[in-house]
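Chemist: Chains S and L, in that order, give the protein sequences. For the record, in the first sequence the residue sitting at position 305 is 305 according to this note's numbering, with numbers rising by one throughout. For the record, in the second sequence the residue sitting at position 41 is 41 according to this note's numbering, with numbers rising by one throughout.
Take the hints with a grain of salt, since some may be wrong.
Over the 12 Å line for every Cβ pair with chain S, so calculated as not near, a few chain L residues [stated by the list, open to error]:
1) Pro119
2) Pro254
3) Glu402
For lysine-lysine, the following BS3-like pairs were computed, each having C-alpha atoms within a straight-line distance of at most 30 Å [unchecked claim]:
4) S/Lys142 x L/Lys47
5) S/Lys114 x S/Lys142
6) S/Lys142 x L/Lys114
7) S/Lys374 x L/Lys114
8) L/Lys470 x L/Lys47
9) L/Lys374 x S/Lys285
10) S/Lys250 x S/Lys182
11) S/Lys283 x L/Lys279
12) S/Lys114 x L/Lys470
13) S/Lys231 x L/Lys279
14) S/Lys456 x L/Lys114
Simulated from the structure, these hints should not be mistaken for laboratory data. Where a beta carbon is used, it is the ideal one built from N, C-alpha and C, also for glycine.
One letter stands for each residue in the lines below.
There are 2 protein chains.
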Amino acid sequence: MASSLLTRQLAFSLQKNLRLAAPGSRYVSKTATKTVSEFEYDAPSMKTAVPGPKSQELLRQLGEIQNVGAIHFFCNYEESRGNYLVDVDGNRMLDVYTQISSIPIGYNHPALIKVMTNPNNVSAFVNRPALGILPPENFPDKLNESLLSIAPSGMTRVQTMACGSCSNENAFKSMFIWYRNKERGYTSPSEQEVGTCMINQTPGCPDLSILSFMGAFHGRTMGCLATTHSKAIHKLDIPSFDWPIAPFPKLQYPLEEFVRENAQEEARCLEEVEDLIVKWRQKDKPVAGIVIEPIQAEGGDNHASPDFFIKLRNIARKHGCAFHVDEVQTGGGTTGKFWAHEHWGLDDPADVVSFSKKLQTGGYYHRDEMQPDKPYRIFNTWMGDPSKNLFLSEVLNVIRRENLLEEVTRSGKALLQGLYALQTQYPQILSRARGQGTFCAIDACNDATRDSIMLKARNKGLFMGSCGEKTIRFRPTLVFKEYHVHQLLNILNDVLAEHK
Amino acid sequence: MASSLLTRQLAFSLQKNLRLAAPGSRYVSKTATKTVSEFEYDAPSMKTAVPGPKSQELLRQLGEIQNVGAIHFFCNYEESRGNYLVDVDGNRMLDVYTQISSIPIGYNHPALIKVMTNPNNVSAFVNRPALGILPPENFPDKLNESLLSIAPSGMTRVQTMACGSCSNENAFKSMFIWYRNKERGYTSPSEQEVGTCMINQTPGCPDLSILSFMGAFHGRTMGCLATTHSKAIHKLDIPSFDWPIAPFPKLQYPLEEFVRENAQEEARCLEEVEDLIVKWRQKDKPVAGIVIEPIQAEGGDNHASPDFFIKLRNIARKHGCAFHVDEVQTGGGTTGKFWAHEHWGLDDPADVVSFSKKLQTGGYYHRDEMQPDKPYRIFNTWMGDPSKNLFLSEVLNVIRRENLLEEVTRSGKALLQGLYALQTQYPQILSRARGQGTFCAIDACNDATRDSIMLKARNKGLFMGSCGEKTIRFRPTLVFKEYHVHQLLNILNDVLAEHK
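This is chain S alone, in the form it adopts within the complex (with noise of 0.2 Å):
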């Protein structure tokens, strides 16, 4: 099906290709050969503002079941080609936002279709396990290829889960668990304690609390979104824990142009950290962890140094809290290394580190200690899905043979640097270009004008994603080559040449 699929849409891309050729011609490259993946188009091709027609009536139709507001348009996904979304209008899209930064290797990409047509597979499918009491004969493989073999430094533990959010949670239980155990010298919990946690008080169920960041997302759950503070809508109405949040450091972009006063910045939320740290054993509340992400994404693509997670990490084995790398939108190589973390350059560089999204997978590596000390207490029905492991397997496997961590530092580099000539170009509109590997991002003068941008851009072909309160984010697959930072740059430059 999908070669037959494929030569359709290049014949027809073939025909539309030119269109978007002209008018940003400065981005074009001169030297880098244009190496249109097999599988895939060379180019978007519009047929219709978006949401075309037929996307307004699904629109309508699903307004019927859900609320649709978050809805941008309907895709036609089996059309879809690597980094090309098509949707149920026949436009085709460059996709840099990717399912939220969910989609690896691109769309439909041969690898990932030859898993699901291996006969092997099937039963990992059709059967899906309670992993926790009945696994399939090869899940310890299965982990040890996949899982395991991309593991964080001094992690040799992983615990699989069906998504980011229960990925978190799950790990702010074990931190909690692990905590507990400690405080009461790895002793039986008293009577009291086994009593009181029935009916949610304490000793039982005790006032620990997690410390997070303003700006931080770490999921939607109840316990994940008492660490997230990046929009109100997400926490409004929603009852929530009286834990404490440090500052974020605000930092000043080019980092390398503004390394004493980031250095400062870093410094005030450090010892922030340690303030609210010794105010919440005070309030007896202690912090049993610390969770951060690497970047932090949706609340605005914000960078610290490594000098800071450096020392956070420390400050957090002082006061005896777990350390939690939050990797569910940095993890999976889009920094150009697998995980954001290893830029940092540490050989113990976290406690915890949960992943997601581009994994297929959510779940969470942790060092030997924070592992429960007894069955049942980090559980659920599932615990993740073995059929999302074989395509993560898959998806390693290309990753490897095509070099894609090196691809995407390359990449990253072509696609910062056209940031930088762009908010050069129009400095009244964009400005604090920032990014490691592809995992990029620029902001805008305002929100309406980001807004009006990405509208633009997508009537043009180009599908971004928004972050903070004014910032575009720019999250593309694995498979986004020089090439396609060239389409990326030109279509942004008419959009922005357009923009009074």
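Please arrange chain L on chain S, whose structure you already have, making use of the hints.
Modeler: Leaving out everything else, chain L in the frame of chain S:
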């Protein structure tokens, strides 16, 4: 692949299947035709004690990666068929626990294998969308033909989620949002609310509560866990909320014989519910919603009468609380109706009904007014998984085509009658047989006896689940026929006969 394995296994089973016929012969049906489905085995077949040597070796391997204390054995899912689960040591067991009640129509059902091999479905597996922003073209249609075709009375809206806990967490959030919107008269939130919610403080994060019941199980993420009160091991060391917990009726069985006593017990519990609602309102932590299972499962298979639920639903309405029926374990046909709450006979049974497990996807239905007023309030990256909706559609086709709800009712009657007979025969060991459809349970005299019976039965080829303190729970598939009931009862009878 499936058919060649089938041939081999059928030939094998024909050699072995007579071994279990002798001892419990009084339960061998004289009338029912032995209708082995074409894809299924016809009896258990045991080769080793369970766990066998291969399972033990794999247990050691997985122990290097995870806590394995809850694992029973490792499975050969490829060789499993219908109601029979095959382990890695070649033992074939009649499975009446079915992955914690999550396998609807048996292992490797041909209809589900067909879903996998249909080329039109490939894209749904390899391109997992962010459903909240970029749904696939067929999403409204698929919802209509699957989830909405079985929507509870009064509900036309449904939100999919990845698992049971996420379903309940988001259902709770919907109830909180609904309650606060009602309180503030559907006006915009104040600046103070918007500001305080970002730092987890009131009024933005209000002190609202969910009323739950002692013995309840609603999941293990932190919001859900605050409403779970089945076992201390689930809750110990995890911070919680000060939410009201009402007693769940402790009924005497068989229900028909204790109508007056049980009605009194239910009245006592309902009175306590109203007292708690008033008390928590006075504490300024008003009850936004009441959550309850139609049959408490993990907490010990505790039943209540339709009258109890009808009155509880009215109490919720009277006090302005939302009413959330958690059908994660009871839903999907196992009680003889698709939803357990259908046994109450209400046109307006609930404001929210959550599901997961047998439905393959998590999620919740809700009445129109429970839909959040704005996008992104109920949201996450994946919001379910369209590939699971494909399986659900096919499961529903099989349920309808094969009249499986009638089968469940028939098998359930045979099972409960058999359990009554066993407890009459072994009154010193068994008591309180109870059930609805095949959702049945029986108590042992203590937990050690219960555990011993379960292990001995497992070694004879019957795999059951436990719940509560000393309960055995039966959670067979929907293709569990009277013929399988007799196998189950035969084995159980053998075990009890040997029990000193």
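Chemist: Now tell me if each hint is right for this structure.
Modeler: Right, here's what the structure says about each hint:
1. Pro119: Violated, since 5 Å does not exceed 12 Å.
2. Pro254: 29 Å, holds
3. Glu402: 17 Å, holds
4. S/Lys142 x L/Lys47: 26 Å, holds
5. S/Lys114 x S/Lys142: Holds. S/Lys114 to S/Lys142 sits at ~17 Å (cutoff 30 Å).
6. S/Lys142 x L/Lys114: 25 Å, holds
7. S/Lys374 x L/Lys114: Judged against 30 Å, a Cα distance of about 40 Å means the pair is violated.
8. L/Lys470 x L/Lys47: Distance of about 29 Å is within 30 Å: holds.
9. L/Lys374 x S/Lys285: Not satisfied, since the Cα-Cα distance of roughly 34 Å exceeds 30 Å.
10. S/Lys250 x S/Lys182: Answer violated: S/Lys250 to S/Lys182 is near 35 Å, above 30 Å.
11. S/Lys283 x L/Lys279: Holds - the C-alpha atoms of L/Lys279 and S/Lys283 are around 27 Å apart, at most 30 Å.
12. S/Lys114 x L/Lys470: Since the Cα atoms of S/Lys114 and L/Lys470 sit roughly 47 Å apart, the hinted pair is violated (cutoff 30 Å).
13. S/Lys231 x L/Lys279: 33 Å, violated
14. S/Lys456 x L/Lys114: Judged against 30 Å, a Cα distance of about 43 Å means the pair is violated.
Violated hints for the displayed structure, listed by number in ascending order: 1, 7, 9, 10, 12, 13, 14.
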